[in-house]
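Student: My request is simple: use the sequences and hints to build the entire structure.
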Amino acid sequence: MLLNMIWLSLVNIKRRTLFSVLLFAMAFLVACSLFLANLTHKLLSLPDTVEFRQFFYTVLYSVLAVSALMLSAISAVSTNLRREEYAILRTFGAQRSDIFLLAVFESFFLCFFGALSGILLVMLLILTKALYIPYFFEGIMRVSLYRLIGIGGQAVLLSVLIEVAVSAVLLFLILRKDILELERGRL
Amino acid sequence: MTIKAQSVSKRYRSPVSKASVIDAVAGISLDINVGSSTVIYGPTGSGKTTLLRMLSGISKPTSGEIIFHTLHYTETGDRKLSSFRERYIGYVPQRSMLIKDLSVFENVISPNAFRQRHIRSLKSAARTLLERLNLEDTAQRKPDTLSGGESRMVMIARAILTRPAFLFADEPVSELDDDSAKLVLDLFSELKRDGSAIFIASHEPLAFGGNTDLYAIKNGRITEHTRGGHR
Chain A
1 MLLNMIWLSL
11 VNIKRRTLFS
21 VLLFAMAFLV
31 ACSLFLANLT
41 HKLLSLPDTV
51 EFRQFFYTVL
61 YSVLAVSALM
71 LSAISAVSTN
81 LRREEYAILR
91 TFGAQRSDIF
101 LLAVFESFFL
111 CFFGALSGIL
121 LVMLLILTKA
131 LYIPYFFEGI
141 MRVSLYRLIG
151 IGGQAVLLSV
161 LIEVAVSAVL
171 LFLILRKDIL
181 ELERGRL
Chain B
1001 MTIKAQSVSK
1011 RYRSPVSKAS
1021 VIDAVAGISL
1031 DINVGSSTVI
1041 YGPTGSGKTT
1051 LLRMLSGISK
1061 PTSGEIIFHT
1071 LHYTETGDRK
1081 LSSFRERYIG
1091 YVPQRSMLIK
1101 DLSVFENVIS
1111 PNAFRQRHIR
1121 SLKSAARTLL
1131 ERLNLEDTAQ
1141 RKPDTLSGGE
1151 SRMVMIARAI
1161 LTRPAFLFAD
1171 EPVSELDDDS
1181 AKLVLDLFSE
1191 LKRDGSAIFI
1201 ASHEPLAFGG
1211 NTDLYAIKNG
1221 RITEHTRGGH
1231 R
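Line order of the protein sequences matches chains A and B.
With our numbering as the guide, the letters of the first sequence map in order to residues 1 to 187.
With our numbering as the guide, the letters of the second sequence map in order to residues 1001 to 1231.
The hints are simulated quantities; they were obtained by calculation from the structure and are not laboratory data.
Computed Cβ-Cβ distance ranges for the label pairs, DEER-style:
#1 L81(A) <-> D1078(B): 17 to 25 Å
#2 T1074(B) <-> Y61(A): 52 to 60 Å
#3 S97(A) <-> T1074(B): 16 to 24 Å
#4 A76(A) <-> I1067(B): 40 to 48 Å
#5 I149(A) <-> N1134(B): 49 to 57 Å
#6 V1034(B) <-> L81(A): 35 to 43 Å
#7 S1020(B) <-> Q154(A): 56 to 64 Å
#8 I1067(B) <-> L161(A): 43 to 51 Å
#9 D1144(B) <-> A76(A): 22 to 30 Å
#10 Y61(A) <-> S1059(B): 45 to 53 Å
#11 K1004(B) <-> S117(A): 53 to 61 Å
Listed below are the simulated EDC-like cross-link pairs for lysine to aspartate or glutamate, each with C-alpha atoms no more than 16 Å apart in a straight line:
#12 K1142(B) <-> D1101(B)
#13 K1080(B) <-> D178(A)
#14 K1142(B) <-> E85(A)
#15 K177(A) <-> D1078(B)
#16 K1100(B) <-> E85(A)
#17 K177(A) <-> E85(A)
#18 K14(A) <-> D1101(B)
#19 K1060(B) <-> D178(A)
#20 K1100(B) <-> E84(A)
Looking from chain A toward chain B, a few residues come up when the C-beta cut is under 10 Å (computed):
#21 I6
#22 W7
#23 L8
#24 V11
#25 R15
#26 E84
#27 A87
#28 I88
#29 G93
#30 A94
#31 I99
These numbers come from a predicted model, not from an experiment.
No residue lacks a Cβ here, since even glycine has one placed at the ideal position from N, Cα and C.
Tutor: This is the structure in structure tokens:
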């Protein structure tokens, strides 16, 4: 069952390249901006960094808001476009919970790896000084690894949660309908 | 194993006038036993598809009852009815119902992959079946590149992949050339020999595999019941 679900999820991700890339990219951006915002909060706490901090917060929270909104919108459109597919799966005996689980698997794969790769890239850019932010390089060296993993994990979790929550709400609305109504494409 | 329909009716609200109703199926009773073949034939709009969808557990009757073992369709919740379809029913719809983003191969496997079956055995069975139906060259194509006949063959492959106990096929050979139609009907006969029940809705009295129950339907009512021989 688990293997089947993983196979189905990966097939769906592979075959819906455009939506997969968009969701991956938005999860990447959400995680990057949240991770950097948390690091800013952690590392730029001295009084002489107030202006820097405010600038970073403005930029990062703007990026976070826009990318989270985009992630929700893309997820909503993608779920809505798949109503006929859900009708087909339901016709052949898939339970509502099966379809819900499939959507969670797909969201998890895309957003988890999108967010994770975003955080790893940010870390790499900071550590190689390719992304030079005053105090960051020195500060990040003083932060414990566990703390960094915690901050990163929070960012990954948020990305995954946004996508899963949006698709869950839409799926709930869509899958309330019976198969015939699903086929007719009414939400 | 038998599916029993007892005075089954289906009433719809008219799409033209909300006040009036249409009796798509009116008081039909019949039994479908494993190892049997049944063909219901009649003109467009006579209620074939509605009856077939009710018997296969996709929609419920407005009145009357359909029974399989201890399962009464009208009293059964969605979860149990879905499990029943997943376990016992193969369904070939009248119009093309394929997942447009997936390849033919993935379309054949996907709806069958939700539980109890190993993905490796499903893939192997799908390859064999697509070869048998001369569809091996289309396996990686998307549904929108297929002809009407090819789509129908893919839907047939999807429906019989797990060799269901009951196969409900709505106009399964309507868009097929003679050779493909023969191939499909031979496959249905083989399934019947192996113990599946085959139930076909068709425009014409299509008999196959010997001892086929032929029901004529008109305005939602059975008007004639005969037994046909080989095609």
